[in-house]
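10 protein chains.
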Amino acid sequence: MPDPSLLETFESPTKTPFLIEHINEEFTSVCPVTGHPDFGVITLRYEPANCCVELKSLKLYFQSFRNEGIYYEAVTNQIRDDLVASMQPSWLEVKTSWKGRGGIRSNITASFGDEHSSSNI
Amino acid sequence: MPDPSLLETFESPTKTPFLIEHINEEFTSVCPVTGHPDFGVITLRYEPANCCVELKSLKLYFQSFRNEGIYYEAVTNQIRDDLVASMQPSWLEVKTSWKGRGGIRSNITASFGDEHSSSNI
Amino acid sequence: MPDPSLLETFESPTKTPFLIEHINEEFTSVCPVTGHPDFGVITLRYEPANCCVELKSLKLYFQSFRNEGIYYEAVTNQIRDDLVASMQPSWLEVKTSWKGRGGIRSNITASFGDEHSSSNI
Amino acid sequence: MPDPSLLETFESPTKTPFLIEHINEEFTSVCPVTGHPDFGVITLRYEPANCCVELKSLKLYFQSFRNEGIYYEAVTNQIRDDLVASMQPSWLEVKTSWKGRGGIRSNITASFGDEHSSSNI
Amino acid sequence: MPDPSLLETFESPTKTPFLIEHINEEFTSVCPVTGHPDFGVITLRYEPANCCVELKSLKLYFQSFRNEGIYYEAVTNQIRDDLVASMQPSWLEVKTSWKGRGGIRSNITASFGDEHSSSNI
Amino acid sequence: MPDPSLLETFESPTKTPFLIEHINEEFTSVCPVTGHPDFGVITLRYEPANCCVELKSLKLYFQSFRNEGIYYEAVTNQIRDDLVASMQPSWLEVKTSWKGRGGIRSNITASFGDEHSSSNI
Amino acid sequence: MPDPSLLETFESPTKTPFLIEHINEEFTSVCPVTGHPDFGVITLRYEPANCCVELKSLKLYFQSFRNEGIYYEAVTNQIRDDLVASMQPSWLEVKTSWKGRGGIRSNITASFGDEHSSSNI
Amino acid sequence: MPDPSLLETFESPTKTPFLIEHINEEFTSVCPVTGHPDFGVITLRYEPANCCVELKSLKLYFQSFRNEGIYYEAVTNQIRDDLVASMQPSWLEVKTSWKGRGGIRSNITASFGDEHSSSNI
Amino acid sequence: MPDPSLLETFESPTKTPFLIEHINEEFTSVCPVTGHPDFGVITLRYEPANCCVELKSLKLYFQSFRNEGIYYEAVTNQIRDDLVASMQPSWLEVKTSWKGRGGIRSNITASFGDEHSSSNI
Amino acid sequence: MPDPSLLETFESPTKTPFLIEHINEEFTSVCPVTGHPDFGVITLRYEPANCCVELKSLKLYFQSFRNEGIYYEAVTNQIRDDLVASMQPSWLEVKTSWKGRGGIRSNITASFGDEHSSSNI
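Residue numbers (my numbering), protein chains in the order written: chain Z, 1 to 121; chain L, 1001 to 1121; chain W, 2001 to 2121; chain A, 3001 to 3121; chain V, 4001 to 4121; chain G, 5001 to 5121; chain Y, 6001 to 6121; chain R, 7001 to 7121; chain E, 8001 to 8121; chain U, 9001 to 9121.
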């Protein structure tokens, strides 16, 4: 099951605002209605305040959704909430793009805070 | 015939505004004038208020148009109206793109409410 | 000859503003100077007020130009005028793109009314 | 030699502003310095006031540059001037794009009047 | 008028068979029926025997067709014949590809001799 | 109606076998069943024996099908037969590719004689 | 060595502002540190005041850098300065794009004056 | 280990603001957690004040990260800090794009100072 | 001037036949007729017998043509001959592709020996 | 340094011939002449006889070249030889594609044994 305790952080190398983007093209969870696997791409963008998420721990956290029956919308918001709790960033955005099922493909976007103007690149 | 009672919703996982997009590339209905089948792509985008549409129920709802004789314009507006009645979202937009018939191809767009600025992503 | 009486309309399924686009990639008329055939693509976009143009009637109306000797500019404005008279839409735009003749290819655009801001999609 | 008397016009089919574009991909003239042929694409865009340029006459006018020794910059401005004198349009723009010579390729743009906002499509 | 005396050759730098290709994307002549200009691409491929055609002289030879009224088929065969007479190559092929006129575009191919197997690259 | 008397020929510029290809991307005729227009691309390839078809006459011949109610298969074979009768070529092939109607698009090929091996390019 | 005396100008054919672009895809100079050749693309855009640079003289001027040991940054600024001195244009911009060396590729941009709003096309 | 003393500068050829971009597509360092190699693209953009970074010295500086165990975020900020200390530019931006590891690929952006409006090209 | 003494070789790491390809996209020499620079791409493919050409020496050898007035055909054959003399390979092929001059672009191919069947990849 | 003892194998799951392909897009070694890093893509294809190479061990083996000064040709043949010694496959092919240095990019191919006809995919 999704396990936010897997998330580890390290101190940001700078106090100057900057922008970080991690794209996971190999995310999978399970549909809570049909039990079939879902496959998606997770795009995480954030501006750190005091700390950054460590990449291997992020990978393990994403992998902890593998056998969880959970809606697309809930995946997106839980990742947003777990990462905000773990890092307390200045700004954070999670976009999820899901491969088609039953002829329908889906994209969900959730965010936290206001994007810093200088990082709007 | 189109059956909005097929639509099921579940409680939104968050009160924070976010953006959902479902794209159905396998929609079919029937031309009310000629009786020939029509094929189209439905792109649904919305910001939930209190609930989200369940994906399997959305698929069955779209499939209920299969043998209905109905204009492109009516399909687009009925989907808009049925989903607004079912979910009462903050904002919703339906775009339909139809393969050519008689050398003419068509695109229709209908919307509800004002898009939230932070979801303009 | 171009016959606007072929155009039929049906009542718009909604009073809410929405956007309709019909693209005819198989339009042909005749050059009034040389008598040679012209081939073009007609892109019609409009926001209905009270009624929509029926698609099969639109096809027959477009086919009625087949043997008419008429300038590109006149085709474009006549389609604009005939459709405005038939539907009295809130806004309408006609673009015509013509295959090359004598090494020159042409595009003509004519419009009616002001585009509704919410349909600027 | 370039012969603006070849240009013929016909009365515009409407008083409503609209936009016309003619693209000649087979333009050739001669370099006044080296005597070698130049090859270019002429893109003409304009909003008619009272009349439009007839397409076959435009083709013959463009062909009249075939054996003229003339700079790229002069071609562009002469076409602008001859068409403005012939049609007195509301707005007109001429872009010329020339194939490379000696490893250098060139693009020149000249215009007349102010583009009508509603035709900015 | 087409002037084969413009063609100059230089001694081939080797007796070993090899393959040469020259592509002229800026060829123009005149239609003998309508008097309108034709535009084409000439692709020349050959295996020299004792001499090669000099490139600047080839350019001037191609330019000598500029105001000649001549069929596509005759252009292709005359270039083949003039170059064979000038160079006496082991093998030679001329392909011409013409821009569309009246909605029709054309390609013509003529050759001389048998292509050497080792140059079949 | 299709009029083979429009076809004119001129003497081939050479007795050496060579290959000619004419592609008409603006062919239109009428469906004999529904009365609706058909749009297609005609690709003609041939090796002349003693004469070649003149291009402007070929264009007028193709235009003579404009208002003829005729099957795809009949168009293809009639063009083959009319051109063989007019030119008596060594080899000739007609391919027709038709835009989709009712979701189906079609390609037809008919030929005459044996292709000369050296023109198999 | 770079020789601005090669630059020749001719009187602008008009006093109306217009835009000229010359793109040289075959520029080469020499690295002042390693002595190895550098290869780049020079894009020159300007609005003439009273005169234009003649194209053949521009080609010879660019060729005069062929064996000069000079930094990318200095090439860009020298071309800007030499052309401004030669033509005194209203506005001028030089962009240089260099092929990779040591795994690094570079782009440099320098400009003079303010671009005229109507030529911002 | 990363060695900023490798960075050499030369005096800027002009006091006029201009824009420099260097793109290194062959950057590699080592993951401090797993010890596996990381591969990335570094895009450096800056406006010089008094001096520019010499390209060969920049290459050697980038190569000095080859066997360093260092986070993506720290690489990005260290390059920003070392180049700012070395050149004291008006404005500088470093973007790093990393190939995927564990299914996740990352992009980091850090900047210094305010971009000059005229160089916003 | 072209200097084959720059070419250095090293012993092939194996006696088993294998295939080597070097592509130089930055070749330049000078036209012996006009004195203007030529730019080309050299593609060298070979199967070594006992030794391979060292890459830096190959680069310096290619650079030695920089200011040589020499025909395309002679460049191609000289590179073939110099490399065959230097390496005595089992099989070797040189293709040169030249940017257009006067509207004509050229490709030349020369080879030595018979390609080993197992390396026909 | 390159360490073939890192390679581990496991028993092939079948005696039926089949085809395996591993593509490493993150290979790096060092130039033995200049000391600068080289970057390449290794494509390994083979048909196992009795055993297959274990993927993590292959990754560590490839990483062992990271700081080795070695020619492209030697890298390619050593990988071929080490894998043949380790696995004794029916057939094996190694292709290496190297990023450009000094304007030259290279591809090397070495193979072992005869490819089984059924795996010619």
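If you are wondering where the hints come from, they were derived from the structure by calculation, not from laboratory data. Where hints are given, some of them may not hold.
[Stated by the list, open to error] A short, non-exhaustive set of chain W residues, derived as facing chain L with CB atoms under 7 Å:
id	residue
1	2013
2	2021
3	2023
4	2024
5	2028
6	2030
7	2033
8	2052
9	2056
10	2059
[To be verified] When the alpha-carbon atoms are kept at most 30 Å apart in a straight line, the in silico DSS-like pairs for lysine-lysine are as follows:
id	chain 1	residue 1	chain 2	residue 2
11	L	1095	L	1015
12	E	8059	E	8015
13	U	9059	R	7059
14	W	2099	G	5059
15	U	9015	Y	6099
Heads up, the beta-carbon is just placed ideally off N, CA and C, and yes, glycines get one too.
Evaluation of the provided hints:
1. Restraint check, residue 2013 of chain W versus chain L: the minimum CB separation of about 4 Å is within 7 Å; hint holds.
2. For residue 2021 of chain W, the interface hint holds, since its Cβ comes within 7 Å of a Cβ in chain L; the closest pair sits about 4 Å apart.
3. The interface hint given for residue 2023 of chain W holds, since its Cβ lies 5 Å from the closest Cβ of chain L, which is under the 7 Å cut-off.
4. About 5 Å separates the beta-carbon of residue 2024 of chain W from the nearest beta-carbon of chain L, less than 7 Å, and the hint is met.
5. For residue 2028 of chain W, the shortest C-beta to C-beta distance to chain L is roughly 10 Å, which exceeds 7 Å, and the interface hint is violated.
6. Here the hint on residue 2030 of chain W is broken, as its CB sits about 18 Å from the closest CB of chain L, past 7 Å.
7. Because the closest C-beta pair between residue 2033 of chain W and chain L is about 26 Å apart, greater than 7 Å, the hint is violated.
8. At a threshold of 7 Å, the smallest CB-CB gap from residue 2052 of chain W to chain L is about 5 Å, leaving the interface hint in force.
9. Satisfaction of the interface hint for residue 2056 of chain W is found here, the shortest Cβ-Cβ separation to chain L being roughly 5 Å, below the 7 Å cut-off.
10. The restraint placing residue 2059 of chain W at the interface with chain L holds, with a minimum CB-CB distance near 4 Å, inside the 7 Å limit.
11. Among the hinted pairs, residue 1095 of chain L with residue 1015 of chain L is consistent with the structure: their alpha-carbon atoms are about 26 Å apart, no more than 30 Å.
12. A C-alpha spacing of about 25 Å is found between residue 8059 of chain E and residue 8015 of chain E, which places the hinted pair at or below 30 Å, so the restraint holds.
13. At roughly 27 Å between alpha-carbon atoms, residue 9059 of chain U and residue 7059 of chain R fall within 30 Å of each other, so this suggested pair holds.
14. A threshold of 30 Å between alpha carbons decides the hint, and for residue 2099 of chain W with residue 5059 of chain G the separation of about 15 Å falls inside it, so the pair holds.
15. At most 30 Å may separate the alpha-carbon atoms for a hinted pair to count; residue 9015 of chain U and residue 6099 of chain Y exceed this at roughly 50 Å.
Violated hints, listed in ascending order, are 5, 6, 7 and 15; each of the other numbered hints is respected by the structure.
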